[in-house]
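Q: Sequence:
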Amino acid sequence: MNSIAVTPTKKKKSILKKAEPYFYLIPALGLMVTFTYFPFAKTIVTSTFLTNATGKAVEFIGAENYVNLFHDPTFIRSIINTFIYTFIQVPITIALAFFMAFLASKKRKFSGIYELLFAFPMAVSMSVAALIFKLLLNPQIGAFNHIFNLDCLWFNGENTAMPALIFLGIWLGIGMDFLFLLSAVRGVSDDLIEAARIDGANLCHELKDIYLPMVSPTIFYLLCTNLATSMMMSGQVIVLTKGGPNNATSTIIYYMYKKAFEIYNYGSSYAAAIVGFTFAFIMILISFRFEKKGVYYN
1 MNSIAVTPTK KKKSILKKAE PYFYLIPALG LMVTFTYFPF AKTIVTSTFL TNATGKAVEF
61 IGAENYVNLF HDPTFIRSII NTFIYTFIQV PITIALAFFM AFLASKKRKF SGIYELLFAF
121 PMAVSMSVAA LIFKLLLNPQ IGAFNHIFNL DCLWFNGENT AMPALIFLGI WLGIGMDFLF
181 LLSAVRGVSD DLIEAARIDG ANLCHELKDI YLPMVSPTIF YLLCTNLATS MMMSGQVIVL
241 TKGGPNNATS TIIYYMYKKA FEIYNYGSSY AAAIVGFTFA FIMILISFRF EKKGVYYN
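Take the sequence shown: its position 240, counting from 1, is numbered 240 in the UniProt record's numbering, and each next residue is one higher.
It is possible that part of the hints are untrue.
[As the list claims (entries may be wrong)] With a Cα cut of at most 16 Å, we get these calculated EDC-like pairs of lysine to aspartate or glutamate:
(1) 106 x 190
(2) 293 x 209
(3) 106 x 199
(4) 106 x 158
(5) 106 x 206
(6) 242 x 190
(7) 107 x 209
(8) 242 x 262
[Said to hold, decoys possible] Distance windows between CB atoms, simulated:
(9) 127 x 246: 32 to 42 Å
(10) 217 x 71: 48 to 58 Å
(11) 246 x 68: 34 to 44 Å
(12) 146 x 91: 38 to 48 Å
(13) 62 x 290: 32 to 42 Å
(14) 38 x 191: 44 to 54 Å
(15) 123 x 71: 28 to 38 Å
(16) 56 x 34: 42 to 52 Å
These aren't lab readings, by the way, just hints derived from the structure by calculation. Don't be surprised by glycine CBs; every beta carbon is placed ideally from N, CA and C.
Just need the whole structure built from these sequences, with the hints factored in.
A: Below is the structure:
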């Protein structure tokens, strides 16, 4: 009789013990639902409504906000600008960071100084960096035009504003990428390098056949994160160009910002946010398609 009475209690304790780890996830899940999943779901729902100036849904209109977006030449230009920025800024940033990490991989007497200089951009906030670059590239008093004897409008020129933003984006992103890649490059075994040199490998072979495969997981991680942040870029545009001149630097997220906080068309703003997220998500999915072919995890 005692064994029959004890068995259910033991079973109950066993279930509680197995479930215990999941209870520790509740605070994190609660925060994620509150600050990520719920706002995302609300954005999707509200993007199908006509809204008033306060953002309150007034009338269900289905996909009309999305249809209006893709009939707006400014939004189409914003999509093109976003992809141009991403496809240029991301690969150049990662490539330069890898080159700098390779140069700094061997520890020397003063290596800490140039490592600090290479990583310095990550310590500067976007708004501060944007204002510094605005002064450096000022057409009248900027040091850049003066030093190189140029007569360039930079942020004020329709053909030069986007290259200037890309240049700023590369500078802002290179510090963090450098730190990740420096750690990865220093993690490559010296035995592999010595064996390759004994076999007659030169520097190009070492880079192509040893360093790149061994740091490919880090490069892949940086590729995914940089794609997401570049597709969502808007801060530099807000601070420096306001999407101009002539919408030459307007991006998807800046278009969303302008619709919400200047025109108060929250329905179109929500729709633009969903379109921007969708494009970024597709870009990351495409990069995952190449993971098995180009990423070496052993």
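Q: Please test the hint of 34 to 44 Å on the beta carbon pair from residue 246 and residue 68.
A: Violated: the Cβ-Cβ distance is about 21 Å, outside 34 to 44 Å.
Q: Holds or violated: residue 106 and residue 158, Cα atoms, limit 16 Å.
A: 43 Å, violated
Q: Residue 106 and residue 199 were given as a pair; does the straight-line alpha-carbon distance stay at or below 16 Å?
A: Measuring from Cα to Cα gives roughly 22 Å; hence the hint is violated.
Q: For the pair we were handed, residue 106 and residue 190, check the Cα-Cα distance against 16 Å.
A: Cα-Cα ~11 Å, so holds.
Q: Given the proposed pairing of residue 242 with residue 262, does the C-alpha separation stay at or below 16 Å?
A: Status holds; Cα separation ~11 Å.
Q: Holds or violated: residue 293 with residue 209, Cα cutoff 16 Å?
A: This hinted pair holds, its Cα atoms lying about 15 Å apart.
Q: Mind checking the alpha carbons of residue 106 and residue 206 for me, to see if they're no more than 16 Å apart?
A: Holds, at roughly 15 Å.
Q: Taking the CB of residue 38 and the CB of residue 191, does the distance hold inside 44 to 54 Å?
A: Distance hint for residue 38, residue 191 holds at roughly 51 Å.
Q: Go ahead and decide if the range 38 to 48 Å is satisfied by the Cβ distance of residue 146 to residue 91.
A: Check failed, 31 Å falls outside 38 to 48 Å.
Q: Between residue 127 and residue 246, does the beta-carbon spacing fit 32 to 42 Å?
A: 24 Å, violated
Q: If you check the beta carbons of residue 123 and residue 71, does the distance land in 28 to 38 Å?
A: 43 Å, violated
Q: Given the hint of 48 to 58 Å, check if residue 217 and residue 71 actually sit that far apart at their C-beta atoms.
A: 43 Å, violated
Hint violations for this structure: numbers 3, 4, 6, 7, 9, 10, 11, 12, 15, 16, all remaining hints satisfied.
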